[in-house]
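Take these sequences, add in the hints, and give me the full structure.
The opening residue of the sequence shown carries number 1 in this note's numbering; numbering runs sequentially from there.
Careful: at least some of the hints might be erroneous.
Taking lysine-lysine and the DSS-like style, the derived pairs with C-alpha atoms no more than 30 angstroms apart in a straight line are [said to hold, decoys possible]: (1) K265 - K105; (2) K200 - K144; (3) K108 - K317; (4) K105 - K317; (5) K248 - K324; (6) K119 - K248; (7) K108 - K119; (8) K265 - K119; (9) K265 - K248; (10) K317 - K119; (11) K105 - K119; (12) K379 - K108; (13) K248 - K108; (14) K265 - K108; (15) K105 - K248; (16) K317 - K265; (17) K324 - K265; (18) K105 - K379.
No lab work stands behind these hints: they were computed from the structure.
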Amino acid sequence: MNTRIILIVFFFAALSVKAQQQPLGLNRAIMQALENNYDIIIVQEEQRIAEIRNDWGTAGRYPYVNLSLGDDNSLNLNESENFVTNRFSAGASVNWTLFDGFIVKINKQRFEELEQLSKNNTAIMVESTIQSVILAYYSVLLEKEKLEVFSEVMQLSEDRFRRAEQSKELGTFVTFDVLQAQNAYLSDRSNYLLQEVNYKNALRDLNYLMAEEAGQNFILTDSFNAVPVDYSLEELQTNMFGNNKILKNQYVNQRLLENAYASAKSAFSPTLDFRGGITGTSIRTDYEQRGENWLNSATMYGNFTLSFNLFSGGNRKRAVEIAKIEENMGVVGIEQMEHDLTNRLANLYEFYLVRRELLDVAQENLDAAELNLQISREKFEAGAINSFNFRDVQNIYLNAALRELEAIYDFIDTHTALLRMTGVIIQEYE
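Put into structure tokens, the structure is as follows:
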């Protein structure tokens, strides 16, 4: 009976652990991060503010209309006759700048550019989040693959240690051989435990990017492999100049500088304002002896004001000169950024090609190390080589396996950076 209870407890415990482990693909991880990432939520709210601000009313196209109501009451006490006065008033006024040197149109263009700038900032944050999630996702896979390699090597060392203990009991091994095998096993076990911590930390970092709880346990379903893609540098440059969001922001900033220059020039234009309205007044006077008396009146007005600043100490002229200089500086900044991005893209492309070749080298090296380990293990079990030689082969295999995994991750890292720089990372993982 007790045995059955124990089996049932273990069965439900296993189901509970399995229920906590949810499958997680890369696309789902990206989508969840885009929905929950704190920085993206903030930048999206900033974009909403820019969209609300981009309106003709904010730019100053429409008039201001004011309504007013008044009620003034007074009691007059004098020697001849006391009376009460009630004064009721209502009015409406319109203030409208009819012309101000096209400043309304200039302001509207500025708000449109600021909205576009905000959209580009959102896209930049989305691209950054996608890149971070990709690298974090494959980092978890990398650490998991490393953990399996360390587990395999540790298992080999444990088998060797157990075999050494059995050989000592049979008299074919001495204590020195057992201690050597034990030290190798304990060293490999330490590496395995440390790698287990690295794997958990990588998974915790991925959970943070997705705004998940740190204890959430996922089973990553995508495979850890690199898929080389053939690119041409000319094609990458075309995509970069057409899609790179940072470069697009620089173009928007340049248009804002042009807008500032136009705004500075508009200060030399005259201003035409209109002020109009109507005011109605009703006065009630209540005398103690003569009774009530009402007096009603209405006033309507409409005034135009044309103003022109003839001289302001040269401030407007200096503002135009400064705005023009800043516009020219912006042109130089764009040329510098385009040159810098072109140079960085060429370097990254060369790096991409090299890491693609390193993938093949690492795979060939691992294949040779695996074959060498298999042959050496057979020879060690047959007594053809000693434990020192087998340990060396074991370390060679471990290093080759780790280098092959690092080569895969490095290639994914470079490929992701290439997609980010050319501005197509959103389309690739849309």
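Hint-by-hint comparison with the structure:
no.	hint	in the structure
1	K265 - K105	13 angstroms, holds
2	K200 - K144	9 angstroms, holds
3	K108 - K317	23 angstroms, holds
4	K105 - K317	21 angstroms, holds
5	K248 - K324	21 angstroms, holds
6	K119 - K248	11 angstroms, holds
7	K108 - K119	17 angstroms, holds
8	K265 - K119	29 angstroms, holds
9	K265 - K248	26 angstroms, holds
10	K317 - K119	34 angstroms, violated
11	K105 - K119	21 angstroms, holds
12	K379 - K108	81 angstroms, violated
13	K248 - K108	20 angstroms, holds
14	K265 - K108	16 angstroms, holds
15	K105 - K248	23 angstroms, holds
16	K317 - K265	8 angstroms, holds
17	K324 - K265	10 angstroms, holds
18	K105 - K379	85 angstroms, violated
Of the numbered hints given earlier, the model fails hints 10, 12 and 18; all others are met.
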